[in-house]
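Sequences listed follow chains C and D, in order. Counting in my numbering, the first sequence runs from 1 upward without gaps. Counting in my numbering, the second sequence runs from 1 upward without gaps.
These are computed hints drawn from the structure, not numbers from a lab. Heads up, a few of these hints could be off.
[Said to hold, decoys possible] Chain C regions said to be covered by chain D (calculated; three or more residues, Cβ under 8 angstroms):
1) 15-23
2) 93-105
3) 174-185
[To be verified] Listed next, the in silico EDC-like pairs over lysine to aspartate or glutamate satisfying Cα-Cα at most 20 angstroms (straight line):
4) C/Lys88 / D/Glu45
5) C/Lys88 / D/Glu168
6) D/Lys234 / D/Asp188
7) D/Lys241 / C/Glu16
8) C/Lys97 / D/Glu168
For glycine and all other residues, C-beta sits at the position ideal for the given N, C-alpha and C.
Residues per chain are reported as follows:
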Amino acid sequence: MTAGDTRACGRPVRTEAYLDLFQMLTGIVLVAFMWAHMVLVASINLDLGGGRVMNAIARFFEATYMAQIGGPLIGFIMLVHFVVAARKMPFRAREQKAIWRHSVNFSHTDTWLWIIQAATAFIILIMGSIHMWTVLTSLPITAAKSAGRIQGGWWFGFYLLLLPVIELHVGIGIYRIGVKWGYITRANRAQLHGFDNRLTFIMIGIGLVTLLTFLALVKA
Amino acid sequence: MGRTLKFNIFRFNPEDPASVARMDPFYLEETEAMTLFIALNLIRENQDPTLMFDFMCRAGICGSCAMLINGRPDLACHTKTKDLPGDITLLPLPIFKLIGDLCVDTGTWFRAMNERVGSWVHTSKTFDPQEEEERMDNALAEQIYELERCIECGCCVAACGKANMVPENFMGATAFNRIVRFMIDPRDERKNDEYFEVVGNEDGIFGCLGLLGCEDTCPKNIPLQDQLGMLRRKMGFSQVKHLFRALLPAKRIAK
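Given the sequences, and given the hints that come with them, work out the whole structure.
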């Protein structure tokens, strides 16, 4: 390679840049959706499990066809996000061994956060799909129907696992988007990561309270 | 003081067919202000003259004594034993070619990296040694100098999850830092697309996972995180323009 050579004469391949941008954009959409979803479902707590607020919100989303169209669309975006993001995951045994050995030896928080993110991605792909299929094939969404599922027993355990897994993935994901795209810098990293961690724990807390409300207060 | 330190040191000589990779234990009385540089020299002097490790400057300037110290890449010469537990494991840096024991060949890797990123000012101007030097804004000169401080020790590469996964091709934070250093230098005439050609791919900035191992271990405390973020944004967002140009009919763009 010499100075002033002809490297820039050909058209560069831009696909990997587009895929990385797409990974970031689908990630942001899904993070926004998950936080909004959590807040809306938590509306069950507003009238202590009475369900009037939640049912009204659910009716609005069905009357405007946002649930019927938006639901499968979110499922599709999740699948696309998984495929695009999975390009970064170690699928070969040699790579898996290398990243595991590195993580264990290095003992570095951000490296472990990525391992958690990669592991939770697979759980969300399966459990998130099951959740969406169940909800979207038994529309309309009502507080009583949701409570019935959770009070059945198995679904309570299902959501008890899915809740922290999703919130961790979403919380770590938005932090890493900020880092990778230069919005979280050396100057604000500690502060924004702390804020992100608190937000994740608050979301898990809201989710747990909501689950308990469905389990104990809402009439199935 | 007064601790007896236990060193577990990786031993292997690729030049010797009879050599087997192993961890050898060494014991040493800790002294005041002891660094790993002092400790390793004492071990080599008094216990095992065949122990291989690299040192030059003893002052964190040359970058030749980088190694994994209890799993963390750092310079042995500026690591004090009093900051470490009594049990110290020393391994050679991963990714780089092993010369023997704690010695690795970072030179070949960095030479290839510098050639790959075109690590010099690309200009069409002919240098005239008689002419007065071109003036530069002091703040910008300092900004360039800040990134120029890299000592090529290899700690950021060894700390990188991506580089550990795909050691053959990933460029690493040190290369991204080099590129940004020339990007902000007004004397370098390369355009964005020329930088994109080098770094706008999975082996380059779009392969970076943002794990910040580099940022958290750089012994010179170079703001690597900020360069990675800036480079990704610059390279990524500049492609949106190209995407629109490709998607929209040429006539509409012309208008």
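Item to complete: Against the earlier hints, flag every one the structure doesn't satisfy and list their numbers going up.
Response: Those not satisfied come down to hint 4.
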